[in-house]
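Number of protein chains: 2
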Amino acid sequence: MATALIAIDWGTSSARAWWLDGRGAILAERAAPLGVQKVEQGRFHDALRSLLGGDAPAGVPLLACGMIGSRQGWLEAPYVDCPAGFAAISDGLARVTDAPLLIVPGLKYGDAAGVPDVIRGEETQIFGALDDFAGRKLVVLPGTHSKWALVGAGRIERFATFMTGELYAVLLEHSILGRLARAGEDAAGFERGIRRSLRPGAALSHDLFSARTLALTGELAPEGVAEYLSGLLLGAEVAAALGWVQRNGARGLDATLVGEAALCGRYDRALSIAGLAAHSGPSDAAARGLWRIAQQAGLVR
Amino acid sequence: MATALIAIDWGTSSARAWWLDGRGAILAERAAPLGVQKVEQGRFHDALRSLLGGDAPAGVPLLACGMIGSRQGWLEAPYVDCPAGFAAISDGLARVTDAPLLIVPGLKYGDAAGVPDVIRGEETQIFGALDDFAGRKLVVLPGTHSKWALVGAGRIERFATFMTGELYAVLLEHSILGRLARAGEDAAGFERGIRRSLRPGAALSHDLFSARTLALTGELAPEGVAEYLSGLLLGAEVAAALGWVQRNGARGLDATLVGEAALCGRYDRALSIAGLAAHSGPSDAAARGLWRIAQQAGLVR
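Those protein sequence lines, which keep their order, are chains A and B.
Quick note on numbering that gives the first Met the number 0: the first sequence kicks off at 0 and runs consecutively.
Quick note on numbering that gives the first Met the number 0: the second sequence kicks off at 0 and runs consecutively.
Worth flagging that the hints you see were computed from the coordinates, not collected in a lab.
Because the structure is a prediction, the values reported are computed rather than measured.
All clues stand as given, with none of them false.
Same chains, same names: a pair is fine if it fits in one copy or spans any two.
Derived SDA-like pairs (lysine to any residue); straight-line CA-CA distance at most 25 angstroms:
{"no.": "1", "residue 1": "Lys107", "residue 2": "Ser69"}
{"no.": "2", "residue 1": "Lys107", "residue 2": "Ala214"}
{"no.": "3", "residue 1": "Lys107", "residue 2": "Ala220"}
{"no.": "4", "residue 1": "Lys107", "residue 2": "Glu218"}
{"no.": "5", "residue 1": "Lys37", "residue 2": "His173"}
{"no.": "6", "residue 1": "Lys107", "residue 2": "Arg291"}
{"no.": "7", "residue 1": "Lys37", "residue 2": "Glu172"}
{"no.": "8", "residue 1": "Lys107", "residue 2": "Arg154"}
{"no.": "9", "residue 1": "Lys107", "residue 2": "Ile175"}
{"no.": "10", "residue 1": "Lys37", "residue 2": "Leu92"}
{"no.": "11", "residue 1": "Lys107", "residue 2": "Gly134"}
{"no.": "12", "residue 1": "Lys37", "residue 2": "Val169"}
{"no.": "13", "residue 1": "Lys37", "residue 2": "Gly177"}
{"no.": "14", "residue 1": "Lys107", "residue 2": "Leu252"}
With these hints in hand, go ahead and build the complete structure from the sequences.
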């Protein structure tokens, strides 16, 4: 079957393209380490050609999501305000002038205090992850900056970012906590960290120090320090996010986890300890979301 | 008047010595960048000589507190368990064999879950900061690792560490939050961060991201990003610490702030916004604490 759409998830460090047929099924797939941070300004056209390997049939539309639409990307696709559904996202597509490429806008959400939160790329994964848009849904996207999103009536109502992955990397590499850590697995240490952050009265900037004291007193093996730190950070995210879910009247919703399998497994463990049921979303959520947005925008039939 | 005690606050990055007379008054003072991390193992005696500049009268006892008594220091002075008063600390003094030097032990506190917290050096500042030991007191020592301590009946009952200063440094230097920051002052940005972290439902790993989004949307000037980040971290510490104070039945106590003046000024602002009265402890708290411990130990009359 012929290619009807080339869908691209173009992020900070890498890019992935899918060739989709007229029903949205994946015909082929290519990835390249050509993320926005790795391509010089003015060289995005070259990067696109390299990513597609010359296989871009004339007349086939290209639709991309992710940081390619940020100020540091090829063309800024301004944030669309939440709540936002397919129509609002489709209306916000930005058109690159020197290539047959459209870019999905990110979303912005202002909380009760007017403090903005933003996503770029995850909106597409969220719309691709769900099988139906009836009722409210909770989607969790673990990562450098984890995102929790509430979906209802076909729109992304609101979302919240947690810097969990970046905190983990930065603390392990650059803080005193990394000095006593050694690579390795320690499921008990991971779980201990989760439970520590889920207890009443938990406070991250205090609890982080226990990754050091437990190591100093020999209660955590060097292999356990990083795992415990990871548990503390995931637990703090889950505790805060569950409060956020509850404040927004969505208590009791299952979570759909979208992201890299091993990381989603860790979140599944943390959510389970916190008493929240979770199931895995599709691994090709971005491709599915791009297909659905392309349908809404009339790029494909 | 003759020197009765040489008191030394010997920390991670620097060391400071005071020559005290028979009533504990400061006769002279010297500091050197000869902290534990900057002196090779086996060279502490040389470092001490250099710090004292040859002015160590025979027969005058030397008493040091701080990281010099850690595993990485000259001689490990094992942690003493809390609650701990002058007698317990005095009993725990470690004696260096090749110099007339005694080292004050750090303190360890195990919380309800058995998770240990530790201080080393601050115990001496706490005992030096207070003018009397009647009733309960709250002492706050801002720093790389801030410490909050509850004192009662002449003993340090319990304490809690917050990694506020280290989080600030590491996030500003190594995370995405530092990219949009520029040096400068912004009292409004600092205060906005404090209030953000003091609100109900605040969650640090979520709120940190707002230092980026507020900068992206132009609501924070580049000079404001670091100030807002500092406010978020101080606010999170104060919010958690006040919960800790309250859980330990010490609500309503004034805080005695001990540490570097500018930093204490920032904490004073955060505490005031949170509704807690604070006053400054003495700037020579370590020297005063060492004198009192020396008295208890019979090193001076």
